[in-house]
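J.: Chain A is already provided as a structure; the job is to place chain B on it using the hints.
The lines below spell out each chain.
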Amino acid sequence: MNLDHYKYATNETFLSFEFDSIGPKGNIRKIVRFSIENDFGITYFNLGFGDLDPLTGICDDLTVSNNKDRDKILATVANIVITFTARFPDIMVYAQGSTPARTRLYQMGIKTYWNEIEPVFHIFGFHDDGWQPFENNINYSAFFVLRKKS
Amino acid sequence: MYILKTQKMVSETKQLVKTESLGVTITNEVKDHGNDPYFVKKNKQAKAFIKKNGFPKELLLILKNRIPV
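So the sequence lines, in the order shown, correspond to chains A and B. Here the first sequence is numbered in our numbering, starting from 1 and rising by one per residue. Here the second sequence is numbered in our numbering, starting from 151 and rising by one per residue.
Chain A with its partners taken away, still in its complex shape (with noise of 0.2 Å):
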């Protein structure tokens, strides 16, 4: 994925990623995590995204950094899961935001970046209480990722 997105690194488990949004609010530390869990003996990854308070250690995103490079991180973000799926490439990844504005925002990330995300992945939206194939007109409560096969 050749989009503009910031440097990101993670450890060995390949689990936590961080990158620095740089802007008019400074550096803002942001944390990418891969969460393992298992529901109904199905494994998945929970993806969690959000602000690393300097002065707690801890994480948070409830505040609106507004550090103008919305589209940046959302490209950082994709990278990111582009980059997690290659070592895990038979797993689900969950994403839903902890509000319905966030869970917008990972859509509208999906919707801009969709021409190199759709060979890459099978998505799947949450509407009308049930799963389906992610469409552009349709606002999704949750998201499931799966790599496809190359």
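Mixed in with the good hints, there may be bad ones.
To spell it out: a stretch of chain B is covered by chain A in this simulated footprint if at least three of its residues, at any positions, have a beta carbon under 8 Å from a beta carbon of chain A; those stretches are [claimed, not checked]:
| id | region |
| --- | --- |
| 1 | 173-181 |
| 2 | 184-197 |
| 3 | 200-207 |
Sample of chain A residues with no beta-carbon within 12 Å of chain B, all distances over it, derived [stated by the list, open to error]:
| id | residue |
| --- | --- |
| 4 | 28 |
| 5 | 46 |
| 6 | 68 |
| 7 | 72 |
| 8 | 74 |
| 9 | 90 |
| 10 | 113 |
| 11 | 119 |
| 12 | 145 |
No wet-lab data here; the hints were simulated from the structure. Think of the CB as a built atom: it goes at the ideal place given N, C-alpha and C, for glycine as much as any other residue.
T.: Chain B in isolation, oriented as in the chain A frame:
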């Protein structure tokens, strides 16, 4: 083609290993964050949603056909 570049830096107090692979820097400076209360809470929310709504059946079928028995 990905270029693997390894750089080892030894400081007085700790050893930092930095590797670049697949376009991402791999370093032990990145913390685990698994026990961060924020992510623990999000995982509980995810489990509650999935317990209620399940998984996309089509994705389960894709996975079933993918993994050899």
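J.: Are three or more residues of the region 184-197 of chain B within 8 Å, CB to CB, of chain A?
T.: The restraint on the region 184-197 of chain B holds, since 10 of its residues have a Cβ under 8 Å from chain A and three suffice.
J.: Is the nearest Cβ of chain B still more than 12 Å from the Cβ of residue 28 of chain A?
T.: The assertion about residue 28 of chain A holds, with a minimum of 15 Å to chain B.
J.: Just want to verify: residue 72 of chain A was marked as not at the interface with chain B; is every Cβ pair farther apart than 12 Å?
T.: For residue 72 of chain A, whose nearest Cβ neighbour in chain B is about 16 Å away, the distance exceeds 12 Å, so it holds.
J.: Does residue 90 of chain A really sit off the interface, with its C-beta more than 12 Å from all C-beta atoms of chain B?
T.: About 6 Å separates residue 90 of chain A from the closest Cβ of chain B, which leaves it inside 12 Å; violated.
J.: According to the definition I'm using, a residue is off the interface if its beta carbon is farther than 12 Å from all beta carbons of the partner; does residue 113 of chain A meet that for chain B?
T.: Residue 113 of chain A clear of chain B: closest Cβ-Cβ about 16 Å, beyond 12 Å.
J.: Tell me whether the statement that chain A covers the region 200-207 of chain B is true, taking a Cβ distance below 8 Å and needing three residues at minimum.
T.: Three-residue rule met by the region 200-207 of chain B, so holds; n is 7.
J.: Beyond 12 Å from every Cβ of chain B: is that where the Cβ of residue 68 of chain A lies?
T.: Holds, since 24 Å exceeds 12 Å.
J.: Checking the smallest CB distance to chain B, is residue 119 of chain A really beyond 12 Å?
T.: 16 Å, holds
J.: Are all beta-carbon distances from residue 46 of chain A to chain B longer than 12 Å?
T.: For residue 46 of chain A, whose nearest Cβ neighbour in chain B is about 4 Å away, the distance does not exceed 12 Å, so it is violated.
J.: Count residues of the region 173-181 of chain B with a Cβ under 8 Å from any Cβ of chain A, then say if the count reaches three.
T.: Since 9 is at least three, the answer is holds.
J.: Beyond 12 Å from every chain B Cβ: check whether that's true for residue 145 of chain A.
T.: 9 Å, violated
J.: Far enough from chain B: is every CB of that chain over 12 Å from the CB of residue 74 of chain A?
T.: 17 Å, holds
Checked against the numbered hints listed earlier, the structure breaks hints 5, 9, 12; every other hint is satisfied.
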